[in-house]
Amino acid sequence: MTATEDEVELQAAFDGTIARNDRIEPRDWMPEGYRRTLVRQIAQHAHSEIIGMQPEGNWITRAPSLRRKAILLAKVQDEAGHGLYLYSATETLGVSRAELTEMLIEGRQKYSSIFNYPTLSYADVGTIGWLVDGAAICNQVPLCRTSYGPYGRAMIRICKEESFHQRQGYELLMTMMRGTDEQRAMVQESVDRFWWPALMMFGPPDADSPNTAQSMAWGIKRNTNDDLRQRFVDMTVPQAEALGVTLPDPDLRWNDERGHHDFGQPDWEEFMQVVKGNGPCNAQRIAHRRRAHEDGAWVREAATAFAKRTVGEASAPVVEEVAQQPSRNPGREGT
Amino acid sequence: MTQEKEWPLYEVFVRGKRGLNHVHVGSLHAADDEMAVRHARDVYTRRNEGVSIWVVKAADITASSPDEKDPLFAPAGDKVYRHPTFYTIPDDVPHM
Ligand SMILES: [Fe+2]
Ligand SMILES: [Fe+2]
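Respectively, the protein sequence lines represent chains Z and Y. If you read the first sequence in the working numbering, its first letter stands for residue 1, the second for the next number, and so on. If you read the second sequence in the working numbering, its first letter stands for residue 336, the second for the next number, and so on.
These are computed hints drawn from the structure, not numbers from a lab. Heads up, a few of these hints could be off.
[As the list claims (entries may be wrong)] Some chain Z residues judged to face chain Y by a derived CB distance under 8 angstroms, without partners named:
id, residue
1, G81
2, S88
3, A98
4, A307
Here the structure is a predicted model, which means the values were calculated and not measured. By construction, the Cβ of each residue, glycine as well, lies at the ideal position given by its N, Cα and C atoms.
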């Protein structure tokens with residue numbers, strides 16, 4: 001592409017906005033690479049929220065009390081909401097919702113590898129809230145300051161809701177830890193299974209993450225994968241102690257010199273396999289999402305048909321306040 | 336996969352509480368206006384974030400484009416006297 005004078009000027013305006021730590025908004029000019037990176041990242045994030053409903057949804061009917069059931073339902077519903085905020089942010093970049101759904105179902109876009117692990121026991125609901133939502137919070141808090149306006153705003157909404165997710169999980173585990181030996185063993189077994197996959201949520205080590213530098217230069221990412229992983233480990237260790245569980249890493253210990261915990265590396269070969277589609281639940285997750293989409297087709301069609309039929313009919317004012325402002329609504333005056 | 340036509344895109348505005356303006360919170364798809372309000376309630380106000388919702392089809396919104404930034408917003412930039420900080424008031428004058 002030969003840069004015309006216009007493009008040089010547009011690029012300079014874009015660079016200036018980034019340099020001032022200002023936000024890029026949907027109608028602004030942006031480099032194609034910036035747009036493409038955002039679409040990939042936000043869509044992947046949205047898909048993760050949507051697929052992330054499945055492992056926990058698995059336990060809704062079997063939650064042990066009405067209270068736990070109501071909490072889990074609300075949490076899973078929140079994740080659906082997170083997916084929708086993020087799809088709506090992705091759409092501001094010129095991709096349609098239908099395309100996004102299709103790309104997920106056809107495996108052309110990814111979602112977080114963590115959701116390809118099964119939830120084998122009810123304790124997993126607590127562990128996911130504590131560790132998986134905890135890791136998500138570490139990732140998401142800095143993204144509230146990402147350079148793309150709609151993405152940052154979606155992250156702010158999401159972060160406000162995540163703290164409920166983490167706390168309900170931790171409280172669930174605390175309750176089980178106060179229970180029987182068997183319950184305590186369930187918690188430990190669950191933590192043992194989820195610890196390494198949770199560390200993988202931050203992505204490959206910085207040395208193997210070639211896109212990080214550009215993403216940081218664009219202000220899309222604010223921290224490297226390894227920075228965030230370290231932050232998560234440091235935050236989690238005292239929580240594990242308070243809970244009375246051990247984290248399954250023989251190399252985990254406080255390093256006075258660094259002022260951080262040292263810890264071992266997850267099995268990155270396993271990570272690559274899960275990302276490539278060979279994790280324990282990849283096929284099941286996508287098949288379920290595809291089925292839900294296809295089973296919903298008749299509802300979408302019926303609603304469209306109904307909307308067509310009622311169009312033109314004077315419908316009652318939808319929101320009371322609009323009716324109270326006749327100047328905004330000249331067509332309805334005098335009716 | 337069947338090619339269905341997408342439901343139209345709506346922009347959603349929420350009044351956080353009495354005394355505040357409606358503020359844009361995001362968008363969603365719905366078959367018609369009424370469904371858009373229902374979806375907006377579920378997606379954007381699960382925790383009492385609002386007392387009133389407006390939805391409007393995105394296609395019906397007319398916006399200034401960033402290219403017009405200068406002519407459209409420049410006059411406001413000139414008139415610094417519209418901002419309270421334009422006026423120097425001694426520190427010991429209270430409640431200003
Ligand atoms: Fe979420
Ligand atoms: Fe969450």
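(Q) Need the list of violated hint numbers for this structure, in ascending order. (A) none
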